[in-house]
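Student: Given the sequences, and given the hints that come with them, work out the whole structure.
Using the working numbering, you'd call the opening residue of the sequence shown number 108 and step up by one each time.
Since the hints were made in silico from the structure, they are not lab data.
Just so you know, these numbers come straight off a predicted model, no measurement behind them.
Just to be clear, a hint being listed does not mean it is correct.
As the list claims (entries may be wrong) - Taking CB as the label site, the calculated pair distances span:
hint: 1; residue 1: PRO144; residue 2: ASP317; range: 25 to 35 Å
hint: 2; residue 1: THR185; residue 2: GLN333; range: 17 to 27 Å
hint: 3; residue 1: GLN389; residue 2: GLY162; range: 34 to 44 Å
hint: 4; residue 1: GLY347; residue 2: ARG280; range: 17 to 27 Å
hint: 5; residue 1: ALA330; residue 2: ALA260; range: 26 to 36 Å
hint: 6; residue 1: GLU431; residue 2: PRO411; range: 30 to 40 Å
hint: 7; residue 1: GLY347; residue 2: GLU214; range: 44 to 54 Å
hint: 8; residue 1: SER145; residue 2: ARG448; range: 45 to 55 Å
hint: 9; residue 1: PRO158; residue 2: GLN333; range: 55 to 65 Å
Said to hold, decoys possible - Restricting the straight-line Cα-Cα distance to at most 27 Å, the calculated cross-link-like pairs of lysine-lysine (DSSO-like) are:
hint: 10; residue 1: LYS282; residue 2: LYS369
hint: 11; residue 1: LYS222; residue 2: LYS232
hint: 12; residue 1: LYS232; residue 2: LYS242
Ideal placement from N, C-alpha and C gives every residue a C-beta, glycine not left out.
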Amino acid sequence: MTVTPEANTAATLHDASEVTADVDVADPALLLELTGPSASKLARLERALPPLSAGLRGTTIRLRGPRENVALAERALTEMMDVIEAGGMLRDADIGSAVRLIAEHPELKLRDIYKDVAITAASGKPVAARGLAQKFYLQAIRDSDIVFGIGPAGTGKTYLAMAMAIQSLQAQRVKRIVLTRPAVEAGEKLGFLPGDLTEKVDPYLRPLYDALHDMLPAVRANALMQRGVIEVAPLAFMRGRTLEDSFVILDEAQNTSITQMKMFLTRIGPRSKVVITGDVTQVDLPSGVSSGLSDAVRLLENIPGIACCQFAAEDVVRHPLVAEIVRAYEARDGRIARKRREQSREREDGA
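Tutor: Structure representation (structure tokens):
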């Protein structure tokens, strides 16, 4: 990889505010990985730094735009190449968050984040941190016996926890993996579903099965489940048990009651690690029932050995529109909460 003098100094001035910089990439394979099919990653770079223009001319990436944007794009490309050359992976959807990381945390190196690999999935692709929040989350799971991962859908909370569970099993740090979640309906009724109890709750456990089969070949995963090394069960089945030498994941924990959360947390035995994930904005409990997740975080987050990792809309790693959807709902909910507070104050003043 060669960066031209123009790129180092951003010195080619087109008008009072616009400069150009050239980044030359001699390795065709590296260039393709850096720019993506049909230069899709360069398009993401442009969207992350408008009104930046990023075009491909042979083996040269030409950047044009405001001086500050060009300098940031140049550094992003250079650090993205470092990640790729070190064996890491950057998807199209990672470009925006990578640029944001560099802008907000200039002391960080992308390589240190995107090379934090939890495990290699069944497909052969590494399951690695895709942002600062995920990096902190992985480190918290390594360092703490109980970790709360709280944030919106699509931030990788359950997926990364599953990767760390498989890693711990393969390294023989635990003897089994226990995956559980409460069987609480999101507007549907279990009683109307066909089949026995196991068949009724199975759809609620499907996200855990999906993550598991991403990490392990199907034959291997099924064999471990048949032997009881990996267990997937509704939260209600945890009562009365002691979970020793286990990596336990409680998913969708916002749908536990306070009593259920206490029951679950007191199941933890020696040499076990627990990751509890959930989104406190998507509680499906009956009206008037408090979420055990919110209660537990408030009560326990300052206890040594317990870590709480918060994810936000900008940490979403699904389709880019998911982050925008989350922000829209958060803004709407914030407006409603403010209006209710104002109405409450007006009633108090009137009284």
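Student: Look at the Cβ atoms of THR185 and GLN333 and judge whether their distance stays inside 17 to 27 Å.
Tutor: Given range 17 to 27 Å: violated, Cβ gap about 49 Å.
Student: For the pair PRO158 and GLN333, does the Cβ-Cβ distance stay inside 55 to 65 Å?
Tutor: Cβ of PRO158 to Cβ of GLN333: about 57 Å, so the range 55 to 65 Å holds.
Student: Taking 44 to 54 Å as the hint, is the beta-carbon distance of GLY347 and GLU214 inside that range?
Tutor: holds (49 Å)
Student: Is 26 to 36 Å a correct range for the gap between the Cβ atoms of ALA330 and ALA260?
Tutor: holds (31 Å)
Student: The hint says 34 to 44 Å between GLN389 and GLY162; measuring C-beta to C-beta, is that right?
Tutor: Once the Cβ atoms are compared, 42 Å apart, the range 34 to 44 Å for GLY162 and GLN389 holds.
Student: Does the Cβ-Cβ separation between GLU431 and PRO411 fall within 30 to 40 Å?
Tutor: Given about 38 Å between the Cβ atoms, the range holds.
Student: Below or equal to 27 Å on CA atoms is what counts here, so check LYS222 against LYS232.
Tutor: holds (12 Å)
Student: Lying within 17 to 27 Å: is that true of the beta-carbon distance GLY347 to ARG280?
Tutor: holds (26 Å)
Student: Within a Cα-Cα threshold of 27 Å, do LYS282 and LYS369 meet the stated pairing?
Tutor: holds (24 Å)
Student: With the threshold set at 27 Å, check whether the alpha-carbon distance from LYS232 to LYS242 stays at or below it.
Tutor: This hinted pair holds, its Cα atoms lying about 18 Å apart.
Student: Is the gap between the beta carbons of SER145 and ARG448 within 45 to 55 Å?
Tutor: At roughly 49 Å between Cβ atoms, ARG448 and SER145 fall inside 45 to 55 Å, so the hint holds.
Student: So does PRO144 sit 25 to 35 Å from ASP317, Cβ to Cβ?
Tutor: holds (26 Å)
Hint 2 alone, counting from the list given before, is not met by this structure.
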